[in-house]
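Asks: So the chains spell out like this:
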Amino acid sequence: MDALQTLENVLQSLVAGLQMGAMYGLMCVGLTIIFGVMRVINFAQGEFMMLGMYFTYFCFSWLGAYAFLDGVWFPFVLALLAGPALFLLGMILHRLLIHTVTGRKASQLEAGGHYAQLVLTLGIALVLQNGGLFIFGSTPVSVSNELSYSAWEWGPMVGDRVSVFVNQAQTISAILALAVVIGFGLLMGKTRLGKSLRAASDNPDAATYMGINVDRAHRIAFGLGIGITAIGGGLMATNASFQPYIGTEYVIIMYAGVVLGGLGSVRGAFLGGMIIGILQQVSAIILPNQLQNTVIFVCFLAIILLRPQGIFGQRDRVA
Amino acid sequence: MSGGTRDLIHIGLFAVVYMVLAFLVSNSYYQLIMTIVPVWAVMGLSWNLFSGYSGLISFGHAAFFGLGAYLVALCMIVWELNPWITIPLATVACGAAGLLVGLPTFRLRGHYFALAMLAYPLALLYIFEWLGYQEVALPRKEEAPVLYMQFESQVPYIALALLLLVIALVVTSRLIHCRFGMSLLAIKLDEDAAEAVGINTLAWKLSAIMISAALAGAAGGFYAVVLLVVTPLAVFGMLVSAQALIFAMFGGVGTLWGPVLGAFILVPLSEILYARYAADFPGIQGVIYGIAIIAVILFAPQGIFWKLQVLLKPGRSLVLGATASGMNDRADVGLLKVDAVPEAGVILEAAGLSKAFGGLQATNNLGFQVKTGELLGIIGPNGAGKTTLFNLLNGFIRPDSGSITFRGNAIVGKKPNRICAMGMARTFQVARPFTQLSVLDNVIVGAYVHSRGNDEAALHASAAIKLVGLERQCDLPAVNLTNKELRLMELARALASKPYLVLVDEILAGLDPDAMKEMLVVLRKVQDLGITVVIIEHSMQAMVQLVDRFIVLDHGALLTEGEPDSIVRDPQVIEAYLGKKWLADSGHEQTGVADDN
Chain A
1 MDALQTLENV
11 LQSLVAGLQM
21 GAMYGLMCVG
31 LTIIFGVMRV
41 INFAQGEFMM
51 LGMYFTYFCF
61 SWLGAYAFLD
71 GVWFPFVLAL
81 LAGPALFLLG
91 MILHRLLIHT
101 VTGRKASQLE
111 AGGHYAQLVL
121 TLGIALVLQN
131 GGLFIFGSTP
141 VSVSNELSYS
151 AWEWGPMVGD
161 RVSVFVNQAQ
171 TISAILALAV
181 VIGFGLLMGK
191 TRLGKSLRAA
201 SDNPDAATYM
211 GINVDRAHRI
221 AFGLGIGITA
231 IGGGLMATNA
241 SFQPYIGTEY
251 VIIMYAGVVL
261 GGLGSVRGAF
271 LGGMIIGILQ
281 QVSAIILPNQ
291 LQNTVIFVCF
301 LAIILLRPQG
311 IFGQRDRVA
Chain B
1 MSGGTRDLIH
11 IGLFAVVYMV
21 LAFLVSNSYY
31 QLIMTIVPVW
41 AVMGLSWNLF
51 SGYSGLISFG
61 HAAFFGLGAY
71 LVALCMIVWE
81 LNPWITIPLA
91 TVACGAAGLL
101 VGLPTFRLRG
111 HYFALAMLAY
121 PLALLYIFEW
131 LGYQEVALPR
141 KEEAPVLYMQ
151 FESQVPYIAL
161 ALLLLVIALV
171 VTSRLIHCRF
181 GMSLLAIKLD
191 EDAAEAVGIN
201 TLAWKLSAIM
211 ISAALAGAAG
221 GFYAVVLLVV
231 TPLAVFGMLV
241 SAQALIFAMF
251 GGVGTLWGPV
261 LGAFILVPLS
271 EILYARYAAD
281 FPGIQGVIYG
291 IAIIAVILFA
301 PQGIFWKLQV
311 LLKPGRSLVL
321 GATASGMNDR
331 ADVGLLKVDA
341 VPEAGVILEA
351 AGLSKAFGGL
361 QATNNLGFQV
371 KTGELLGIIG
381 PNGAGKTTLF
391 NLLNGFIRPD
401 SGSITFRGNA
411 IVGKKPNRIC
421 AMGMARTFQV
431 ARPFTQLSVL
441 DNVIVGAYVH
451 SRGNDEAALH
461 ASAAIKLVGL
471 ERQCDLPAVN
481 LTNKELRLME
491 LARALASKPY
501 LVLVDEILAG
511 LDPDAMKEML
521 VVLRKVQDLG
531 ITVVIIEHSM
541 QAMVQLVDRF
551 IVLDHGALLT
561 EGEPDSIVRD
571 PQVIEAYLGK
581 KWLADSGHEQ
591 TGVADDN
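Chains as they are written, first to last, in our numbering: chain A, 1 to 319; chain B, 1 to 597.
Heads up, a few of these hints could be off.
Chain B stretches covered by chain A per the calculated footprint, using a threshold of three residues with CB under 8 Å from any CB of chain A [stated by the list, open to error]:
id: 1; segment: 121–133
id: 2; segment: 414–425
id: 3; segment: 526–539
Restraint ranges, calculated between C-beta atoms of paired labels, are given here [unchecked claim]:
id: 4; chain 1: B; residue 1: Ile9; chain 2: A; residue 2: Asp205; range: 23 to 29 Å
id: 5; chain 1: A; residue 1: Arg307; chain 2: B; residue 2: Trp79; range: 48 to 54 Å
id: 6; chain 1: A; residue 1: Gly189; chain 2: B; residue 2: Leu520; range: 55 to 61 Å
id: 7; chain 1: B; residue 1: Leu81; chain 2: A; residue 2: Leu306; range: 37 to 43 Å
id: 8; chain 1: A; residue 1: Ser241; chain 2: B; residue 2: Asp400; range: 53 to 59 Å
Because the hints were derived from the structure by calculation, they are not lab data.
Just so you know, even glycine gets a beta-carbon here, dropped at the ideal spot from N, CA and C.
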């Protein structure tokens with residue numbers, strides 16, 4: 001009986017891990033695009049994810065009242081719309097702030113601008129987080145509907161004693177996350193825009209001589225990175241509650257996934273996020289709740305210390 | 001008056017003024033701010049002492065602050081230990097924690113280091129929550145208030161906070177003007193070059209993080225006593241690490257007063273605005289810190305201390321650190337003479353050296369000897385593996401196989417700073433100066449490895465500068481030098497370590513004929529001191545006049561060796577440089593390669 005109970009727990013955690021992992025993976029892809037193309041570690045990525053969540057939340061509160069928009073599908077559409085919205089914000093922020101310490105400006109700064117970039121994005125993170133507290137309030141909110149509380153039952157199996165419940169909202173979110181990542185992969189691989197982004201990251205100087213506007217490529221990459229992470233946030237918002245400080249929690253998950261997959265690699269980042277999601281959910285079987293995040297930090301430290309190039313190395317990167 | 005003494009006077013004046021202010025202010029809220037500000041100034045100094053000087057960005061100083069705070073709080077609750085004991089205890093414990101964090105984390109550089117540091121306080125935050133210390137309140141000790149630092153008036157708290165700050169300032173001031181600060185700055189400006197001139201980079205980074213962590217621990221411990229409540233978010237939270245960084249960056253990194261300035265401007269500003277607007281705008285503190293740091297990056301990336309410096313004394317070039325040493329006129333070039341010339345023989349021997357980078361065999365079963373006191377030229381066409389050979393010799397890269405014996409010791413596997421200490425110095429193909437240090441300080445950094453103190457280092461450095469003839473440029477920052485001066489300075493930096501052997505990498509590259517002649521004269525002077533010189537060069541022309549003997553490399557292997565006369569006529573050498581066809585066409589072997597390159 002105990003063994004079966006354990007089996008059920010493990011299966012249940014694996015399913016939850018895959019679902020969360022897909023959403024983490026999507027967020028990681030956003031972070032890694034920015035690193036891959038611009039060589040910038042964006043400290044404020046978690047705050048942009050938070051903005052994606054609130055975008056979904058507020059649009060839902062304002063528009064959800066209209067009869068033709070009250071379907072269960074509506075929050076998911078809004079989550080996807082968070083992408084273009086945050087893409088625009090990202091482009092604007094790059095124009096106003098980020099470009100002063102990245103790209104061609106970076107070479108004039110100490111240590112290739114690394115410090116300036118880390119510190120500037122930290123500043124943006126602080127402003128967004130605490131400004132968010134003012135604008136959104138500190139009460140946790142969520143964008144849940146009946147799907148968040150419904151599950152498909154998988155089973156019963158093993159002599160009718162093991163059943164796994166698959167949350168519907170999370171499943172839809174995970175599928176959408178996967179679709180966005182695949183779509184982005186096609187964008188990078190097949191289109192002219194993707195080619196110019198890859199060229200700008202491979203060798204900014206050579207790309208400039210070839211007539212590619214590197215500054216514009218960076219601006220688009222920054223917008224894309226933020227937009228994609230914001231979609232991840234929006235999807236997450238349909239099944240979890242959040243408040244303005246949530247970014248800090250997730251940014252570590254994103255770093256862990258990205259480093260695990262090898263900084264700059266899109267496929268690596270998605271798989272890295274996936275692994276982190278599974279690890280987090282499975283560790284919950286044996287560890288108390290508060291230590292779930294500690295597991296992520298410890299595993300993050302272990303990866304970064306033992307294999308800083310990530311498990312998938314540096315091949316296959318946007319860069 | 002030396003920099004250290006002047007600092008002490010400033011610190012003393014500052015403390016007196018602050019204490020007078022403390023007695024004048026009667027509003028209890030302002031008194032509380034006057035207590036908190038020095039604590040954060042200490043955090044800023046702590047961060048600055050490590051990250052500001054070493055250039056390794058720490059996002060994790062909250063780990064030490066929080067450990068200090070919890071140690072003081074829990075010791076008081078569990079064992080009734082008083083803060084007079086536990087704050088020093090927290091200082092020591094956090095120093096040890098710094099060592100524990102540093103040992104694994106210093107394998108990383110740049111982005112990776114910064115990210116790894118972020119994980120420590122956040123992991124601790126969740127661990128302390130899990131342990132059930134969500135909110136730890138320090139018990140009231142009415143029977144012995146003074147023993148437990150629970151004063152009725154706020155003034156003693158201010159005095160203690162000030163004492164802490166004064167200690168942090170004195171410690172910082174003592175450290176930054178001597179070998180400690182200069183070594184860290186060298187690491188910040190070019191870690192590999194620092195290692196090559198004999199700085200034990202790991203040891204200095206470890207001592208820096210230990211002292212820095214100790215200061216942060218003391219600040220955290222005292223913070224617990226002042227606020228009486230400790231929560232994981234308040235002491236391990238992201239904002240704590242961020243504040244330490246922000247005060248230092250805002251005020252000016254790599255300076256004594258910068259972090260203090262940052263804390264004294266930003267803490268009162270955010271506290272007062274918080275008190276006034278917190279009800280309507282709960283996150284106002286974070287927003288102010290965020291805006292402050294964005295503004296600094298955009299408008300004064302060096303911090304306002306440097307900005308003021310530039311405004312007050314325009315035209316002065318930015319020179320970091322400074323040992324405040326001048327040229328020592330008593331320095332004699334003879335100081336650099338190799339003291340006991342070992343019995344004539346072999347000073348360096350390599351056998352069977354191989355190194356491959358992926359599929360490229362950069363060095364292939366290479367063996368050769370360097371005789372004591374000779375001037376040996378290593379030549380070979382592009383890609384022959386010359387610079388790789390130097391990197392193998394001075395320990396930057398480890399050979400896949402083979403052995404290197406220097407003055408009778410096997411040196412494969414030793415770190416570059418050890419090899420430098422044993423008496424092998426080098427220069428670089430592309431000059432690697434410590435750009436923002438003065439020429440004299442650059443050379444002093446090179447001299448530390450065989451000097452007891454700053455004065456001796458300055459003496460050796462002055463001798464080396466005299467030898468290469470850079471006396472007039474000695475106060476300029478290295479970034480302002482010409483190509484020739486840079487190369488002379490690098491040579492002086494190598495010589496200041498009093499080496500037995502110096503590896504010189506393409507020192508003649510890009511020099512005009514006059515400068516080249518000048519350089520040859522300097523190199524002969526070096527040899528006259530009894531120092532063995534191994535020089536890599538591309539072009540044979542100048543080398544034929546200079547060296548005693550040649551080694552010729554091709555495709556990572558030894559092609560031939562011998563006296564200059566025989567080398568320039570060697571058909572193998574001509575073939576390696578100019579190709580088979582040329583050799584066949586010319587029909588004879590007398591035409592020296594020396595006229596070509």
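Asks: How does the segment 414–425 of chain B fare against chain A when you require at least three residues with a CB closer than 8 Å, holds or violated?
Replies: Answer violated; 0 residues pass the 8 Å Cβ test.
Asks: Using the Cβ atoms, figure out if Ile9/B sits within 23 to 29 Å of Asp205/A.
Replies: violated (51 Å)
Asks: Taking 8 Å as the C-beta cutoff, is the stated coverage of the segment 526–539 of chain B by chain A satisfied by three or more residues?
Replies: Three-residue rule not met by the segment 526–539 of chain B, so violated; n is 0.
Asks: Determine whether the Cβ-Cβ distance between Gly189/A and Leu520/B falls within the hinted range of 55 to 61 Å.
Replies: Roughly 57 Å apart at Cβ, these two residues keep to the hinted range, so it holds.
Asks: Taking the Cβ atom of Arg307/A and the Cβ atom of Trp79/B, is their distance within the range 48 to 54 Å?
Replies: violated (42 Å)
Asks: Are at least 3 residues of the segment 121–133 of chain B within less than 8 Å of chain A when you compare beta carbons?
Replies: holds (count 6)
Asks: For the range 37 to 43 Å, tell me whether the beta carbons of Leu81/B and Leu306/A fit it or not.
Replies: Between Leu81/B and Leu306/A, where Cβ atoms are some 38 Å apart, the hint holds.
Asks: If I claimed the Cβ atoms of Ser241/A and Asp400/B lie 53 to 59 Å apart, would that claim hold in this structure?
Replies: holds (56 Å)
Hint check: violations occur at hints 2, 3, 4, 5; the rest are consistent with the structure.
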